[in-house]
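K.L.:
For the sequence shown, position 55 (counting from the first letter as 1) is numbered 39 according to our numbering, and the numbering increases by one without interruption.
Treat the hints with caution; some may be incorrect.
[Claimed, not checked] Result set (DSSO-like, lysine-lysine): computed pairs, CA atoms no more than 30 angstroms apart in a straight line:
id, residue 1, residue 2
1, Lys77, Lys44
2, Lys44, Lys93
3, Lys15, Lys61
4, Lys61, Lys44
5, Lys77, Lys61
6, Lys77, Lys(-14)
7, Lys93, Lys77
8, Lys(-14), Lys61
9, Lys15, Lys(-14)
10, Lys(-14), Lys44
11, Lys(-14), Lys93
12, Lys93, Lys61
13, Lys15, Lys44
Keep in mind that the hints were calculated from the coordinates and are not lab data.
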Amino acid sequence: MKELIAYCGLDCEACEARLATVSNDDALRQKVAGEWSELNGVEITAEMINCTGCRLPGVKTPFCCSLCPIRQCARGKQMETCGSCPEMNSCEKLAMITGNNADALHRLKEEE
């Protein structure tokens, strides 16, 4: 599986938070912070927008690092991604992403 695919199947390579981090783009960090604040109904600052990718070593956003239930579960089970998990198709945590992102689900099913 490609290293820049998150545990949940999202494509970290296309993620604007990762792009802002690797290019040190403060304007993009500000844009992402505004979008994510509105989407999640919480204040997210540009300083929080730093991530090298979900499964790669390095910095993560506060949510991804310590709050994401999908990442915590997959790491706890030592799964490469959720696509390796026998419970993938019935997982309520994963459904938060795959329920409205067919591409993420497709990436995970490629690994099955």
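K.L.:
Each hint should be assessed against the structure and marked as holding or not.
P.N.:
Quick rundown of the hints versus the structure:
{"no.": "1", "hint": "Lys77 x Lys44", "in the structure": "20 angstroms, holds"}
{"no.": "2", "hint": "Lys44 x Lys93", "in the structure": "25 angstroms, holds"}
{"no.": "3", "hint": "Lys15 x Lys61", "in the structure": "34 angstroms, violated"}
{"no.": "4", "hint": "Lys61 x Lys44", "in the structure": "20 angstroms, holds"}
{"no.": "5", "hint": "Lys77 x Lys61", "in the structure": "14 angstroms, holds"}
{"no.": "6", "hint": "Lys77 x Lys(-14)", "in the structure": "22 angstroms, holds"}
{"no.": "7", "hint": "Lys93 x Lys77", "in the structure": "16 angstroms, holds"}
{"no.": "8", "hint": "Lys(-14) x Lys61", "in the structure": "19 angstroms, holds"}
{"no.": "9", "hint": "Lys15 x Lys(-14)", "in the structure": "27 angstroms, holds"}
{"no.": "10", "hint": "Lys(-14) x Lys44", "in the structure": "18 angstroms, holds"}
{"no.": "11", "hint": "Lys(-14) x Lys93", "in the structure": "13 angstroms, holds"}
{"no.": "12", "hint": "Lys93 x Lys61", "in the structure": "18 angstroms, holds"}
{"no.": "13", "hint": "Lys15 x Lys44", "in the structure": "17 angstroms, holds"}
Against the hints set out earlier in the document, a violation occurs for number 3 only.
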